[in-house]
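Note that the protein sequences, when read in sequence, are chains A and B.
Counted the way our numbering counts, the first sequence spans residues 853 to 954.
Counted the way our numbering counts, the second sequence spans residues 293 to 961.
No lab work stands behind these hints, which were simulated from the structure alone.
Note that CB positions come from ideal geometry on N, CA and C, so glycine has one too.
A few of these clues could be false.
[Unchecked claim] Derived DEER-like restraints, expressed as beta-carbon distance ranges:
hint : chain 1 : residue 1 : chain 2 : residue 2 : range
1    : B       : 954       : A       : 901       : 47 to 55 angstroms
2    : B       : 932       : A       : 906       : 24 to 32 angstroms
3    : B       : 927       : A       : 910       : 54 to 62 angstroms
[Claimed, not checked] From the derived model, a few chain B residues whose C-beta atoms are all more than 10 angstroms from chain A:
hint : residue
4    : 309
5    : 320
6    : 359
7    : 464
8    : 505
9    : 516
10   : 728
11   : 731
12   : 849
13   : 877
14   : 887
15   : 892
16   : 896
Chain by chain, the residues:
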Amino acid sequence: MGAITIQHYLALSAILFFIGVFGVLFRRNLIVIMMSIELMLNAVNLTFVAFARYTGTMDGHVIAFFVMALAAAEAGIGLAILVMLFRNRTTVQADDLTLMRD
Amino acid sequence: MQAYLWLIPIAPLVGAALNGAIAMAYAKRENGPNERLISLIGCVAPLVSFAIVATLFNEMRALPAESRVFHQVLLPWISAGPVHIDFALMADTLTMVMLLVVTGVGSLIHIYSVGYMHGDRGFARFFAYLNLFMFSMLTLVMAQNLPLLFVGWEGVGLCSYLLIGFWYKDLVNAAAGKKAFIVNRIGDLAFLLGMFIIFVTSHQLGHGTLDVPELRHLVAEHPEAFTAVATLACILLFIGACGKSAQIPLYVWLPDAMAGPTPVSALIHAATMVTAGVYMIARLSFLYELAPTAMAVVAAVGCATAIFAATIGLAQRDIKKVLAYSTVSQLGYMFMAVGVGAYSAGIFHLMTHAFFKACLFLGSGSVIHAMSGEQDMFRMGALRKTMKVTWMTFLISSFAIAGVPPLAGFFSKDEILWLTFNASVGPSWLPGVLWTVGFVAAGMTAFYVFRAVYLTFHGESRVSEEAKHHLHESPTVMTMPLVVLAAGACLAGFLGIPAVLGGGNIFHHWLAPVFGGHGGGTEGHALAAAADTVVRATGENHSLEVLLMLLSVAVGLAGIGTAWFLYNKKPALPAKITAGFGGLYKLVFNKYYIDELYEYTIVRPGYFLSDKLMFRLVDTGIIEGIVNGVGIMARLIGSTVRLAQSGVVRTYAFFFLIGFLYLLYTLLK
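One chain only, chain A, in its complex shape:
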């Protein structure tokens, strides 16, 4: 049983990221899509923190905090939009919302 190395972290991060990507691509519910986006952001955060530990610098940590703040803001605005969407169109299914085409 070897120690957990940076490769493990990176592999986990990549897996999480692609789960997020596929979530965005294949799920229809906007709430799930937003959750998938959160997942991608956190996968990236994990990478940053892993590298920060690996190199022994603080830069990765700092960026991770920034990303968290950003993700919080994004979730707030995104959910607000979702609420408004649901009020107006009674759906949060992405495929039903094709206003950009019409």
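Position chain B relative to chain A; hints supplied.
Chain B alone, transformed into the frame defined by chain A:
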């Protein structure tokens, strides 16, 4: 007074602006504006110009011959690289003659118009146009450089168009206006090209200019440089003159131009505008002297026009058409004169012609006015009983144009014929031919003018019953100008009494500073040649000159006699004669079918080319094809690419991913 030079053209411009504003203000109203106010503005404007011109003329007479020239630079106009052109006015002795004719005859015709146009709904518009014409014509004659002359040249063309189509509600009149404008455009193009050649040539000499006095010096200094291009430039300028002054082959617009009100025919299409070509050639005589071929062409075309138009004039029924062809013919004489280098004789004829032809036209206008618009001479007759003043003045002018001494036409026409006979232009046989043709045309002139006199004023009355009731002599405002012009037709000739009759030819001396000769002689050898022709002609061979003079008087009297015999003594005879010459008469009556010829050789093919080739092929096919093709392409591409825009967020995310992966690949490669 020299400082007021600018006021001469500007006064009529102000009149035009005022009357134009009034015309526009009343355009939508029921009633026309006050005619008194308009006639006041319209007549005072040219009279102001005339007063200034007369004062300047007096000042100029006091000066010695060499310094008889006024200049005034108003504003710089174009200044770009080597081109420098000012709004510059000039008045030398030649200009002064033109100014006196234009403002003098012009003012009289303005006054006449007050009576003639009385009651017309377009009264204000008419005077606005007429004043605008005066402005343009005065700009033309006073311009110191060719571009400014061209501005006036185009301006008079515009006013001519506006006034021919004055009664534009009749489509025939509108078409006549268009015809005049388009035919003139052909000449104007040639005029511009001629101007460009002159500019380029002077530019190559290190001083690009179109200023007339500067050009004159340049030509005197470097005749060899100009000789190479003079023939081409002069012929191009002459084509321009052909358009404006109605010479073969561009004369066709002038007879149609009679569609305009009669004062317009008198002012623009007889006395002033149509003489602009003659004036232009006289103005550039220093250039024409370098191009003997071009001068021969001018003389030959002038001569051909003189006889050609005279023959058409023989058979016309419309009184104004007779006078129109007569004008074309007399302009031909003027071109013949300037073509053989007898510039002052040409200008002299221009001046005398302005008097008697304006009088004839205004007289015909007076007749038409009395006849309630009838213009066919075969429906007139015996009008002398009711229209005494018109009859007398018309008769005097007819004698003048027929060349009966001692009236004006005799002196000017005879001088032209005599100088042509003695000219040394073109091949050796040319002057003889020119003289013979001019001589015959003189006889025809006398005939057709007196044909008009006898048909209109003498013999049995053929006036319709209805018109008879309205028959009246015109009001004083119309007869007064007639009397003044008739007096001019009597007296103007005495300015140019030839030496052989014991006269001093004051007119020739007056113009000497411009054309060289006795008084001038400072302008180098080119002008000496012109002076030479005149000196030789007036100096030698007195007996021959007197003989030719008697001959031309005889042919004039013969023409009058024939007209009297055919149209007064035996009025039944002309019908028989015309029946005898059926085909020939028909040919002449239909003006040699020149209009039809142009219609089939130029207008129709031109129309065909514009319609089928330029419009349908080039415009709709090629140009529109390219423009529409671009549009169609954009639409095609758009309709393909828009399929990608599904509006489904997940699809976009998918493309985004592909793009991102590609970016990653290229960065990590």
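Do the hints match the structure? See the list:
Hint check: residue 954 of chain B to residue 901 of chain A, Cβ distance near 28 angstroms, so the stated range 47 to 55 angstroms is violated. In this structure the hint that residue 932 of chain B and residue 906 of chain A lie 24 to 32 angstroms apart at CB is violated, the actual value being about 49 angstroms. For the hinted restraint 54 to 62 angstroms between residue 927 of chain B and residue 910 of chain A, the CB-CB distance of approximately 57 angstroms keeps it satisfied. Non-interface status of residue 309 of chain B relative to chain A is upheld: no Cβ of that chain comes within 10 angstroms, the nearest being about 60 angstroms off.
Against chain A, the non-interface label of residue 320 of chain B holds: every CB pair exceeds 10 angstroms, the least being about 51 angstroms. Against the 10 angstroms criterion, residue 359 of chain B stays outside the reach of chain A, whose nearest CB is about 86 angstroms from its own CB. Under the 10 angstroms C-beta cut-off, the non-interface status given to residue 464 of chain B relative to chain A holds; the minimum distance is some 61 angstroms. Every CB of chain A is more than 10 angstroms from the CB of residue 505 of chain B (nearest about 75 angstroms), matching its label as outside the interface.
Against the 10 angstroms criterion, residue 516 of chain B stays outside the reach of chain A, whose nearest CB is about 79 angstroms from its own CB. Non-interface status of residue 728 of chain B relative to chain A is upheld: no Cβ of that chain comes within 10 angstroms, the nearest being about 91 angstroms off. Non-interface status of residue 731 of chain B relative to chain A is upheld: no Cβ of that chain comes within 10 angstroms, the nearest being about 91 angstroms off. Non-interface status of residue 849 of chain B relative to chain A is upheld: no Cβ of that chain comes within 10 angstroms, the nearest being about 97 angstroms off.
Every C-beta of chain A lies more than 10 angstroms from that of residue 877 of chain B, the closest at about 82 angstroms, which supports listing it as non-interface. No beta-carbon of chain A comes within 10 angstroms of the beta-carbon of residue 887 of chain B; the shortest separation is about 66 angstroms. For residue 892 of chain B, the non-interface assignment is confirmed: its Cβ lies about 62 angstroms from the closest Cβ of chain A, beyond the 10 angstroms cut-off. A cut-off of 10 angstroms between C-beta atoms confirms that residue 896 of chain B is not in contact with chain A; the least separation is 57 angstroms.
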